[in-house]
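> Starting from the structure of chain A, add chain B where the hints point.
Listed in order, the protein sequences are those of chains A and B.
Reading the first sequence from the start, the letters are residues 1 to 111 in our numbering.
Reading the second sequence from the start, the letters are residues 1 to 116 in our numbering.
Fair warning: there could be bad hints in the mix.
DEER-style ranges, computed between Cβ atoms [claimed, not checked]:
#: 1; chain 1: B; residue 1: 12; chain 2: A; residue 2: 39; range: 29 to 39 Å
#: 2; chain 1: B; residue 1: 58; chain 2: A; residue 2: 5; range: 31 to 41 Å
#: 3; chain 1: A; residue 1: 39; chain 2: B; residue 2: 85; range: 19 to 29 Å
#: 4; chain 1: B; residue 1: 14; chain 2: A; residue 2: 63; range: 43 to 53 Å
#: 5; chain 1: B; residue 1: 1; chain 2: A; residue 2: 28; range: 34 to 44 Å
#: 6; chain 1: B; residue 1: 114; chain 2: A; residue 2: 30; range: 35 to 45 Å
#: 7; chain 1: A; residue 1: 74; chain 2: B; residue 2: 14; range: 25 to 35 Å
When the alpha-carbon atoms are kept at most 27 Å apart in a straight line, the in silico DSSO-like pairs for lysine-lysine are as follows [said to hold, decoys possible]:
#: 8; chain 1: A; residue 1: 69; chain 2: A; residue 2: 3
#: 9; chain 1: A; residue 1: 69; chain 2: B; residue 2: 65
#: 10; chain 1: A; residue 1: 98; chain 2: A; residue 2: 3
#: 11; chain 1: A; residue 1: 103; chain 2: A; residue 2: 69
#: 12; chain 1: B; residue 1: 7; chain 2: A; residue 2: 3
#: 13; chain 1: B; residue 1: 7; chain 2: B; residue 2: 65
#: 14; chain 1: A; residue 1: 103; chain 2: A; residue 2: 3
#: 15; chain 1: A; residue 1: 98; chain 2: A; residue 2: 69
#: 16; chain 1: B; residue 1: 65; chain 2: A; residue 2: 98
Per the computed footprint, the stretches of chain A lying under chain B, defined by three or more beta-carbons under 8 Å from a beta-carbon of chain B, are [to be verified]:
#: 17; stretch: 21-29
#: 18; stretch: 101-111
Treat the hints as calculated values from the structure; they're not laboratory data.
Values in this document were obtained by computation on a predicted structure and should not be read as measured data.
Positions of the beta carbon are idealized from the N, C-alpha and C atoms, including for glycine.
Each chain, written out:
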Amino acid sequence: DAKTTQPNSMESNEEEPVHLPCNHSTISGTDYIHWYRQLPSQGPEYVIHGLTSNVNNRMASLAIAEDRKSSTLILHRATLRDAAVYYCILRRGGSNYKLTFGKGTLLTVNP
Amino acid sequence: SAVISQKPSRDICQRGTSLTIQCQVDSQVTMMFWYRQQPGQSLTLIATANQGSEATYESGFVIDKFPISRPNLTFSTLTVSNMSPEDSSIYLCSVGVAGGPRETQYFGPGTRLLVL
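Just chain A, with the same shape it has in the complex:
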């Protein structure tokens, strides 16, 4: 699986937007970019995923660079409940759903 690189930690203030970066310079054409997050004392939960185009859902937006070598997860208005570890994961299209987790970014949200 291609590797992703994320900052170890980031901080944000409540009600402000948060941009979580992810580098994946060795991404292949069939790799989907997935984001999961893990709230304290819980299992990971799906946030969003995309292939080439930017994606929006009720939780977040995913901005994918034109060359696909990086992406950014955008939380439009951070809340205290968004404090979690955010994982950027590449998953080969058509594979058996298997996910390889990196270390992720610990997001702290200040009130």
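Showing chain B alone in chain A's frame:
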């Protein structure tokens, strides 16, 4: 989506003993996985639980240490055998929902294991 429950939610065990963790899903799923999350670390895939056949283990994990059963499409068990303190971790079950448009995994709440 899928709702996943795990039993037990936590346990404290003595070294040398074994613990079986159960994973129950509220719908039939094709893919089931078992992960381990050691203290302060990320998740590591242990194996894919295959219905009707032997599990597929990742590098570094063996069947003798982590035997897995998957008798049907909604249930799986993971046994942690001959435990040592190094096995103290959170063990998570996850599923991939067949035909789901998002091709995502859903995770259970985890089983917190402490080995003394």
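> What are the numbers of the hints the structure violates, in ascending order?
Hints 1, 2, 5, 7, 9, 12, 17 contradicted; others consistent.
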